[in-house]
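Undergrad: Construct the entire structure; sequences and hints are all you get.
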Amino acid sequence: EAGVTQSPTHLIKTRGQQATLRCSPISGHTSVYWYQQALGLGLQFLLWYDEGEERNRGNFPPRFSGRQFPNYSSELNVNALELEDSALYLCASTYSGSSYNEQFFGPGTRLTVL
Amino acid sequence: AQSVTQLGSHVSVSEGALVLLRCNYSSSVPPYLFWYVQYPNQGLQLLLKYTSAATLVKGINGFEAEFKKSETSFHLTKPSAHMSDAAEYFCAVSDLKAAGNKLTFGGGTRVLVKP
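From first to last, the protein sequence lines are chains A and B. Read in order, the letters of the first sequence correspond to residues 36 to 149 in the working numbering. Read in order, the letters of the second sequence correspond to residues 181 to 295 in the working numbering.
In short, the hints are calculated from the structure, not lab data. Worth double-checking, as some hints may not be accurate.
Stated by the list, open to error - List of simulated lysine to any residue pairs, SDA-like, C-alpha gap at most 25 angstroms:
1. B:Lys229 / A:Gly93
2. A:Lys48 / B:Pro220
3. B:Lys249 / A:Glu137
4. B:Lys229 / A:Thr65
5. B:Lys229 / A:Arg90
6. B:Lys229 / A:Ser131
7. B:Lys229 / A:His64
8. B:Lys229 / A:Thr40
9. B:Lys238 / A:Gly38
10. B:Lys248 / A:Tyr135
11. B:Lys229 / A:Gly38
Unchecked claim - Here are a few chain B residues that sit away from chain A, every Cβ distance over 10 angstroms (derived from the structure):
12. Leu200
13. Ile240
14. Lys249
15. Ser250
16. His255
Using N, Cα and C, we set each Cβ at its ideal position, and we do this for glycine too.
TA: See the structure below:
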């Protein structure tokens with residue numbers, strides 16, 4: 036069974052640009068989560084999508100946004116990039132009926148903002 | 181609000197020695213607890229999870245963790261370290277309803293295994 040996949044693996048942008056990151060969940064999983072892992076800041080929850088709807092977001096500004104498509108894949112958009120947005124962005128998926136919220140993670144997209 | 185504290189951002193152990201990684205949590209409801217491992221330049225891999233079925237949980241790669249409600253702890257152990265255990269380990273808590281389904285992570289503990 037294929038795991039969570041993310042693309043691209045690496046992304047280099049300059050300040051002020053926009054970045055788009057993509058995630059495909061495990062087949063059968065309907066929930067997608069996004070986390071940011073920035074140096075020195077640990078793993079921070081960004082967004083949760085379930086059945087095509089945004090269900091919860093972390094303490095991030097509105098320039099972090101995303102969506103979930105009918106096939107449950109997801110896209111994270113970061114507008115007006117700032118240097119501190121440089122981080123590893125991890126996507127995770129789970130089955131929305133899961134009792135334990137066991138999340139399965141992809142390999143991440145490393146975003147570098149110059 | 182939930183929180184997770186991992187004592188020690190770095191741990192150094194000799195190959196063959198006991199690995200002990202400490203995790204304490206706070207949660208307003210009985211939690212679900214997880215340990216994840218992250219190898220360099222990779223995502224997170226689930227080691228084990230506590231879901232209230234048993235207080236001693238066995239995971240992959242010889243790791244196990246014990247849930248102690250009285251101590252609000254979920255420490256991770258492995259009897260004998262292997263060089264391949266060098267990685268960063270994260271403890272996480274999930275509260276399905278109150279916290280909007282997110283996982284709250286500890287700061288991580290980086291394990292160095294000495295030959």
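Undergrad: Please go over all the hints and tell whether each is borne out by the structure.
TA: Results of checking the hints against the structure:
In summary, the hint linking Lys229 of chain B to Gly93 of chain A is supported, as the alpha carbons are separated by about 23 angstroms, within the 25 angstroms threshold. Between Lys48 of chain A and Pro220 of chain B the CA atoms are separated by roughly 23 angstroms; this keeps the pair inside 25 angstroms, and the hint holds. In summary, the hint linking Lys249 of chain B to Glu137 of chain A is supported, as the alpha carbons are separated by about 20 angstroms, within the 25 angstroms threshold. Between Lys229 of chain B and Thr65 of chain A, the direct Cα distance comes to roughly 21 angstroms. Compliance with the 25 angstroms bound is thereby established for this hinted pair.
Between Lys229 of chain B and Arg90 of chain A the alpha-carbon distance is near 24 angstroms, which keeps this suggested pair within the 25 angstroms criterion. Among the hinted pairs, Lys229 of chain B with Ser131 of chain A is consistent with the structure: their alpha-carbon atoms are about 17 angstroms apart, no more than 25 angstroms. For the suggested pair Lys229 of chain B and His64 of chain A, the alpha carbons sit about 19 angstroms apart, so the restraint of at most 25 angstroms is met. Pair hint Lys229 of chain B plus Thr40 of chain A holds up; C-alpha atoms about 22 angstroms apart against a cutoff of 25 angstroms.
Between the alpha carbons of Lys238 of chain B and Gly38 of chain A the distance comes to roughly 22 angstroms, so the proposed pair stays at or under 25 angstroms and holds. Annotation: proposed proximity of Lys248 of chain B to Tyr135 of chain A holds, straight-line Cα distance about 18 angstroms (limit 25 angstroms). With a C-alpha separation of about 19 angstroms, the suggested pairing of Lys229 of chain B with Gly38 of chain A holds against the 25 angstroms cut-off. Residue placement check: Leu200 of chain B keeps its beta carbon more than 10 angstroms from all beta carbons of chain A (closest about 21 angstroms).
With a least beta-carbon separation of about 13 angstroms from chain A, Ile240 of chain B lies farther than 10 angstroms from that chain, consistent with its non-interface assignment. For Lys249 of chain B, the shortest C-beta to C-beta distance to chain A comes to about 17 angstroms, beyond the 10 angstroms cut-off, and the non-interface label holds. Every Cβ of chain A is farther than 10 angstroms from the Cβ of Ser250 of chain B; the closest lies at roughly 22 angstroms, confirming the non-interface assignment. No Cβ of chain A comes within 10 angstroms of the Cβ of His255 of chain B; the nearest lies about 19 angstroms off, and the non-interface call holds.
Of the numbered hints listed earlier, not one is contradicted by the structure.
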